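Protein chains in written order, with this note's numbering: chain S, 39 to 298; chain Z, 39 to 298; chain Y, 39 to 298.
Just so you know, these hints were derived from the structure itself, not from any lab.
Certain hints may be false.
Where chains are identical, the list cannot tell them apart; a pair therefore holds if satisfied intra-copy or between any two copies.
Simulated crosslink set (DMTMM-like; lysine to aspartate or glutamate; CA at most 25 Å straight-line) [claimed, not checked]:
hint : residue 1 : residue 2
1    : K172      : D123
2    : K225      : D123
3    : K172      : D195
4    : K225      : E46
What you are looking at is a predicted structure, and each value in this text was computed from that prediction instead of being measured.
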Amino acid sequence: MQPNAALEALRTQSPLVHCITNYVAMNIAANVTLAAGGSPAMIHAPEEVADFTPIARVLTVNIGTLSAQWVESMKAAAAAANGADVPWVLDPVAHFATPFRAKATLDLLALKPTIIRGNASEIIALAGGSGSGKGADSGDNVSDAQSSARGLALYHDCVVAVSGPIDFITDGKQSVSITGGSDIMPKVTALGCSLTALVGAYAAVAPSFEATVAAFLHFAEAGERAGAEASGPGSFSVAFLDALHALQPGDLAETRISWN
Amino acid sequence: MQPNAALEALRTQSPLVHCITNYVAMNIAANVTLAAGGSPAMIHAPEEVADFTPIARVLTVNIGTLSAQWVESMKAAAAAANGADVPWVLDPVAHFATPFRAKATLDLLALKPTIIRGNASEIIALAGGSGSGKGADSGDNVSDAQSSARGLALYHDCVVAVSGPIDFITDGKQSVSITGGSDIMPKVTALGCSLTALVGAYAAVAPSFEATVAAFLHFAEAGERAGAEASGPGSFSVAFLDALHALQPGDLAETRISWN
Amino acid sequence: MQPNAALEALRTQSPLVHCITNYVAMNIAANVTLAAGGSPAMIHAPEEVADFTPIARVLTVNIGTLSAQWVESMKAAAAAANGADVPWVLDPVAHFATPFRAKATLDLLALKPTIIRGNASEIIALAGGSGSGKGADSGDNVSDAQSSARGLALYHDCVVAVSGPIDFITDGKQSVSITGGSDIMPKVTALGCSLTALVGAYAAVAPSFEATVAAFLHFAEAGERAGAEASGPGSFSVAFLDALHALQPGDLAETRISWN
């Protein structure tokens, strides 16, 4: 499915996206998803996640602000997604930072995510490499994460996407790079987490590799437009939501994509 | 009390509003309440809610992002509100989506909310009807929820308010519709939840039916002004907070109200 | 260290700031910290805080939306900070409002914060005085909190900072007042909490008293610039983040500082 057809489908179907994400990201991730065309729902109680995931068209799991109880919810939701053939996206925020976080990530990986999205440091460390990340911000370049991403994709039989100035998306066999966005984006919190939610929204309406490419393209295009208007991170966020909403299928410029 | 007198009272008294709301809504609901004239406080620990509610002038309870512990807090706070003659507002977000959510809502209803605010799907389902909602977004029209709203209001002896392109507010005997707002509002997350907080702020200074009408009128007027300026959901949010703050009592146009 | 040198160091080093803050503040506090130059990480699970704090350059603890579990995390993180010689900042939001909150604050004070930041009502009550605060908003003037601040600073051997129209910062021996900001700031939620995070970011790169002065100066300057552009609380927030990011070391006007 081409990116423009994927956006068309997203707007027409407005799929229900079950998001378990961190407290910092919840509002902006919901707004990004809504602006782009999805219908997000943030639900995380262990008592209800397994009932809710099968109603949704996709699940996204982001480990930014973990707790023991939420790890249980994440695992229950991922298992319910698998049981109901609902695709699910994993965002392993700073998984290397503590043993608790590392363990949660391994448990989630065992539940076979459809798509993994992270920054370069996260993807390198997930593949067993030694990156320079400490917290939520990347300390490595996307180009240094490409082989890690390919290896992870093959090993876990999933799509792996690495965000950065030039994004990289692979399923282990085919890979693309995407240009665009704005250098102000790392100065706005939780945009990566929001992209994870958007990848989820697209994965509800398109096959996983094409969905990931379309979501990144939508993000890159909106980011570039917003960056051209913004005077800083505050006005960037405003213009970015406006652009995500304003973009039409024909605006997803495939010239941003290079096949590797 | 007329809407303009209610806004005057809100600005003069700046009442303390105890909000137990969801993680997505907390920031925007606090900003909406502050911009309009109230003083919001988000407090939810079971160890302290019952001490805090009686200090506040009103309590608002929104079940968006539930957990077992928060359900206990919500019930304790509602009971404390009743004990201290503090009015309280219930927002039963997607209460039909899971059994856990449905049970929590029934338990809260038994604690006799002063006002219930929801979207059409939520109000129809709350009255035992069969709506088309799945997540937090409505799948039904407000006009189809009017008889459900009237029935609920009579049965629970409370005010029931249904948000949508044309809002509907009833206490079972008297009912009004309110026009205004903007069609961009459903593309901004948690505005309904924020309206619940604003209804709470007004309920601290005016009788419950008049308070609900005034809050919806303030929201509708600010939404219409912001919609006229906005280029999308990002700029809408900014203009909306500015408008909520800028509106003066004389700006609450009673021509938006029709009595049903 | 002069304020301009502190900002220079903040931008160059981009220190990792471990924030345990409330749900209302998480997004804006992270955005304020990022815009100014730090690298915030919100991590709060008892299972991981003590592993994470020593990796960070500073810890900030804000008790806005407490729970029993988070109190344990806050204490564990503060103890880990002390063990690793990491400075830490305490923001005792509405600590007087409930016994639960008061007890948590006393436990945290016993762990010897490097810096305490609050509003006038919070600082007066922390020193045992009787203020007029009820919730998160101050009911007292900064000038009435000066002797409380000095007493607290001497007793706890820390820096105490009081936010308001004219801020006051003291270590018990030396004290300064800082002018600036905008009268729209109390109408935007969680700006005080965000200032706490910014104080933390500066405390990672400068001695505690100078760091606090530099953070308040940065905030006051950005607030004044944003206030001059804004039409209300929505546009203020946008302009404020832009200004925090745009300000250069030479813009931190020491003429805002008066020594008391």
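Against the structure, the hints:
Taking CA atoms no more than 25 Å apart as the test, K172 paired with D123 passes between copies only; the shortest distance there is 18 Å, against 35 Å inside one copy. In this assembly of identical chains, the alpha carbons of K225 and D123 never lie at most 25 Å apart, being 36 Å within a copy and 28 Å across copies at closest. Taking CA atoms no more than 25 Å apart as the test, K172 paired with D195 passes in neither setting, with 27 Å inside one copy and 31 Å between copies. Taking CA atoms no more than 25 Å apart as the test, K225 paired with E46 passes between copies only; the shortest distance there is 17 Å, against 30 Å inside one copy.
Violated hints, in rising order: 2, 3; the structure is consistent with all others.
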